[in-house]
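Novice: Just so you know, the sequences run in chain order A and B.
Positions 1 to 81 (my numbering) are the ones given, in order, by the first sequence.
Positions 82 to 414 (my numbering) are the ones given, in order, by the second sequence.
The set of hints was computed from the structure by calculation and includes no laboratory data.
In this text, a Cβ means the ideal position worked out from N, Cα and C, and glycines have one as well.
Be aware that a few hints might be false.
As the list claims (entries may be wrong) - The following label-pair restraints were derived from C-beta to C-beta distances:
{"no.": "1", "chain 1": "A", "residue 1": "D2", "chain 2": "B", "residue 2": "D314", "range": "36 to 42 Å"}
{"no.": "2", "chain 1": "A", "residue 1": "L79", "chain 2": "B", "residue 2": "L132", "range": "24 to 30 Å"}
{"no.": "3", "chain 1": "A", "residue 1": "I53", "chain 2": "B", "residue 2": "E413", "range": "50 to 56 Å"}
{"no.": "4", "chain 1": "B", "residue 1": "A119", "chain 2": "A", "residue 2": "E50", "range": "19 to 25 Å"}
{"no.": "5", "chain 1": "A", "residue 1": "E50", "chain 2": "B", "residue 2": "K288", "range": "42 to 48 Å"}
{"no.": "6", "chain 1": "B", "residue 1": "D167", "chain 2": "A", "residue 2": "K73", "range": "41 to 47 Å"}
{"no.": "7", "chain 1": "B", "residue 1": "E92", "chain 2": "A", "residue 2": "N5", "range": "48 to 54 Å"}
{"no.": "8", "chain 1": "B", "residue 1": "E306", "chain 2": "A", "residue 2": "K19", "range": "19 to 25 Å"}
{"no.": "9", "chain 1": "A", "residue 1": "D2", "chain 2": "B", "residue 2": "K83", "range": "33 to 39 Å"}
{"no.": "10", "chain 1": "B", "residue 1": "P207", "chain 2": "A", "residue 2": "D2", "range": "52 to 58 Å"}
{"no.": "11", "chain 1": "A", "residue 1": "K73", "chain 2": "B", "residue 2": "K83", "range": "52 to 58 Å"}
{"no.": "12", "chain 1": "B", "residue 1": "E413", "chain 2": "A", "residue 2": "K73", "range": "47 to 53 Å"}
Unchecked claim - Over 12 Å on every C-beta distance to chain B, these chain A residues come out as not near it, computed from the model:
{"no.": "13", "residue": "K4"}
{"no.": "14", "residue": "E59"}
{"no.": "15", "residue": "A69"}
{"no.": "16", "residue": "L79"}
As a plain string of letters, each chain reads:
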Amino acid sequence: MDIKNRIRTFIVENFLFGKDAGLDEETSFLDEGIIDSTGILELVNFIEEEFHIKVEDEELVPENLDSIANVVKFLERKLGR
Amino acid sequence: MKICNQCILPETFPGIKFDDRGICNHCRRADSSSTDPAVQKAGYRNKLDTLITGVKGTAPSYDVIMAYSGGKDSSYTLKLLRERYDLKILTLTFDNHFVSPVAWQNIRTLTDTLKTDHITFKLPWPSAKAIFCKAAREDIFPVPALLRASSICTACIGMVKSLVLKTALEMSIPLVAFGWSPGQAPIQSAIMKTNPSLTAQNQASLKKALSSDAITEINQYFIPENYYAIYKDRFPHNIHPLAFFDYDEGEVIRQIQALGWKEPKDTDTNSSNCLLNAFANQCHIKKHGFHPYVLEIANMVRQRVMGRDEGIEKIYSEQNQEMVKYAKEKLEL
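This is chain A alone, in the form it adopts within the complex (with noise of 0.2 Å):
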């Protein structure tokens, strides 16, 4: 699976409860509710183990986690693709 699909995967399955219906890639989680700021640390937590990566802490903002396009990206950079 893809890095975008494994995102999504996770998103759907832990924050959406198995419904995908309008998480489209550039969708806010937080704007949208899907993720409150507790639960972007567990999306934190869940890259850092599915992708063997670390997240600074100066990272961790909107622009990197926000949303799948966000997290795409951000991830493509760390792992140098």
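Given chain A, work out where chain B should sit, using these hints.
Specialist: Positioned in the frame of chain A, the structure of chain B alone reads:
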């Protein structure tokens, strides 16, 4: 009602799936994690030691501001920060008009015994009442937030977080401490540098949730827009040390009782300071079908800092109807 055979999450918890042994997906994910919790907790203790070494004594006034409710966990956190790290602490109590009189006495006693400065922030009763009534009646928060706390608690804690952060920015305090229990929030949030952009987005969501015709003037409880630029270099670290220090509820109570802390008899089984909590729990259970503390307590059972039977008793006992009645009448609901 079916509950997980390993933790205590019920079949009514959103997204839960049981396997053929009756074990939930939350337990299975924790069991399959490659992270050793003991190693992870030791890492966080080292990280806090290093952080404190770097900031202690560098700020103009206080090393840390702490959200202090007078409950057992925040009292124990206060003791830890004062005695283990000898920090200069400013404690802030948010007077939500439902703080138990015993909790007020505990606040006075422990801030004196531990020699820490203390301030109270009280919003006017009409505003508090309007906010809690709105939180009780309407769906103002997204479902993910309500997995961990009731709507009323989320509103109250959201304001507490805003106020301590605002004060930290204004007074250039490098650490903001909370007494979250080990199951209350993910360990990744136990030491975390706050930043302007994530804070701004969270504040906007909270403000939107709490705003209404009845609550017109709430801006003063939030971070002013210009602070994000003016104080961009002052954003503090949030810390909640109980996530990674040894935690045993009986021992926690024994240690703070030695400082003069007394256990309130007028609160529910999940709070040692708030007289609104039983009503908040009851509203949540009626609306969502699960107890708002169940995820926190299930996490503690899974981490073995609380026995499963004790967890079941805390979650599956009837709410204290006297306390529910008291809050309902006060809120005129």
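Novice: Next step is simple, just say for each hint if it's right about the structure.
Specialist: Consistency of the hints with the structure:
no.: 1; hint: A/D2 - B/D314: 36 to 42 Å; in the structure: holds, 38 Å
no.: 2; hint: A/L79 - B/L132: 24 to 30 Å; in the structure: holds, 28 Å
no.: 3; hint: A/I53 - B/E413: 50 to 56 Å; in the structure: holds, 52 Å
no.: 4; hint: B/A119 - A/E50: 19 to 25 Å; in the structure: holds, 22 Å
no.: 5; hint: A/E50 - B/K288: 42 to 48 Å; in the structure: violated, 33 Å
no.: 6; hint: B/D167 - A/K73: 41 to 47 Å; in the structure: holds, 44 Å
no.: 7; hint: B/E92 - A/N5: 48 to 54 Å; in the structure: violated, 29 Å
no.: 8; hint: B/E306 - A/K19: 19 to 25 Å; in the structure: violated, 35 Å
no.: 9; hint: A/D2 - B/K83: 33 to 39 Å; in the structure: holds, 36 Å
no.: 10; hint: B/P207 - A/D2: 52 to 58 Å; in the structure: holds, 54 Å
no.: 11; hint: A/K73 - B/K83: 52 to 58 Å; in the structure: violated, 42 Å
no.: 12; hint: B/E413 - A/K73: 47 to 53 Å; in the structure: holds, 50 Å
no.: 13; hint: K4; in the structure: holds, 21 Å
no.: 14; hint: E59; in the structure: violated, 10 Å
no.: 15; hint: A69; in the structure: holds, 16 Å
no.: 16; hint: L79; in the structure: holds, 18 Å
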